[in-house]
Amino acid sequence: MSILIDILLAIIMVYLAIQCLLTPRLIQSVFLFFAFGLGLALAWVRLGAIDVAITEAAIAAGFLGVLFLDALKSFAPKVSVKQDNLEDIYKLPRRNIKSLILPRVILVLGLALFLFIALEAVWMIPDGGGLTASAEALLPQSGVEHPVTAVLLNFRAYDTWLEIGVILLGLLGVFVAGGIKLYKKPGASKPDPMLRQVILFVTPVLFLFGAFLLYIGKTGPGGAFQAAVLWGAIGILLHLGGKPIFAMIPRWLFHLILTMGLGFFLVLGFLLIADGRTLFEYPPAYAGLLILIIETLGAISIAAALTAIYANLNQMEEETNEVEPTT
Amino acid sequence: METYQIYSLTSAILFIIGIGGIFMARHFIKKIIATVIMGGGVFLSFVSFAQRDAITFADPVPHALVITGIVVAVASAALALALARRIYQLTGEETFTNDK
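Those protein sequence lines, which keep their order, are chains A and B.
For the first sequence, the positions run 2 to 328 when our numbering is used.
For the second sequence, the positions run 1052 to 1151 when our numbering is used.
Keep in mind the hints are simulated off the structure, nothing from the lab.
Check the hints yourself; a few may be wrong.
[To be verified] SDA-like mimics (lysine to any residue), calculated; alpha carbons at most 25 Å apart, straight line: (1) Lys-1082/B to Tyr-16/A; (2) Lys-74/A to Ala-58/A; (3) Lys-219/A to Leu-116/A; (4) Lys-74/A to Glu-1053/B; (5) Lys-74/A to Arg-157/A; (6) Lys-1082/B to Val-206/A; (7) Lys-1082/B to Pro-141/A; (8) Lys-1082/B to Leu-116/A; (9) Lys-219/A to Phe-176/A.
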């Protein structure tokens, strides 16, 4: 019986993925992507990976979906602007279609062959036993009770540290691509009573739920990243409501918030080395406390970075309006 | 057939769909979505093998790697999106064309 659910879920995911890439309209594509992300989250629940499911639903489906939706705003209305060129747009593929048939056949054949190899490889993967036993043996020393949190913030703290760095790098890249105009306060934007009520109601709930996820990460599914997305959602909501949070605080405070997760990790690592240990080898007595501090600071930093990525991408479009498409 | 086997086979299919999408799709946003789907396939295979190696709980190391990986994939997709929007803003192109 339960195997049927899995088969159904697998079929739905494959269908959504194909449909997402084949559908002609971008907006359908983005909404199918939301659905695909949530289907993947369900698959992870079926596989017993609740942490991954929360992260997927929150970041990959939710946050990234919002970024795609936001991007549609700048891509979509241009079609009507370009009406003069519409003939050119439709002529080009038609002229080339014959020369495209052979590459497509080759591509499909290659993909089919690759699919066969991939299925074979996945089917034949040798049973290595995994690291469950060693993780379980060391769990009492890690300072937390939930194995995934122990791996994320203690056993493989390197990964998490560098991951916060990668998010910051992504933010820097978005800054570079998006121009320097940052977080200018929007002019007299029309107040939307509905949005205001939603913000007033949702912000405390999001904050509390994020804090709960952060704290519960010690004993169960949850943790810094899941909390960070919920807190980042607060920043995005405030931005949408005409209160861009980073335009209101001083620049140095913004930079401090962005970098403190990465910075605290780094300072802690060096202090541990100075103490004669290896990088990120916490003393077992303080491990629980240290992990909680790292998670809190990291979550705030990631939330700030996600908000800043959204805010910067969102404001790219304002400059776009003036640029005429050159052909 | 075990639960994890279904998902590991699905992961291979999703990976191929992603690769196909990267070649076939024309619009930037669809190409980026295709890379995310491809990444989803990779993560699914990790987690399905974590379930196979479960003793008292599923193997936590792949779970942690996948959580890290999802966030990194989102950061890179956001960067790709910023570049795509910038290209569109500067040239008005929304696909890669060889015509110029």
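Verification of the hints:
no.: 1; hint: Lys-1082/B to Tyr-16/A; result: holds (18 Å)
no.: 2; hint: Lys-74/A to Ala-58/A; result: holds (23 Å)
no.: 3; hint: Lys-219/A to Leu-116/A; result: violated (40 Å)
no.: 4; hint: Lys-74/A to Glu-1053/B; result: violated (44 Å)
no.: 5; hint: Lys-74/A to Arg-157/A; result: violated (40 Å)
no.: 6; hint: Lys-1082/B to Val-206/A; result: violated (35 Å)
no.: 7; hint: Lys-1082/B to Pro-141/A; result: violated (45 Å)
no.: 8; hint: Lys-1082/B to Leu-116/A; result: holds (19 Å)
no.: 9; hint: Lys-219/A to Phe-176/A; result: violated (34 Å)
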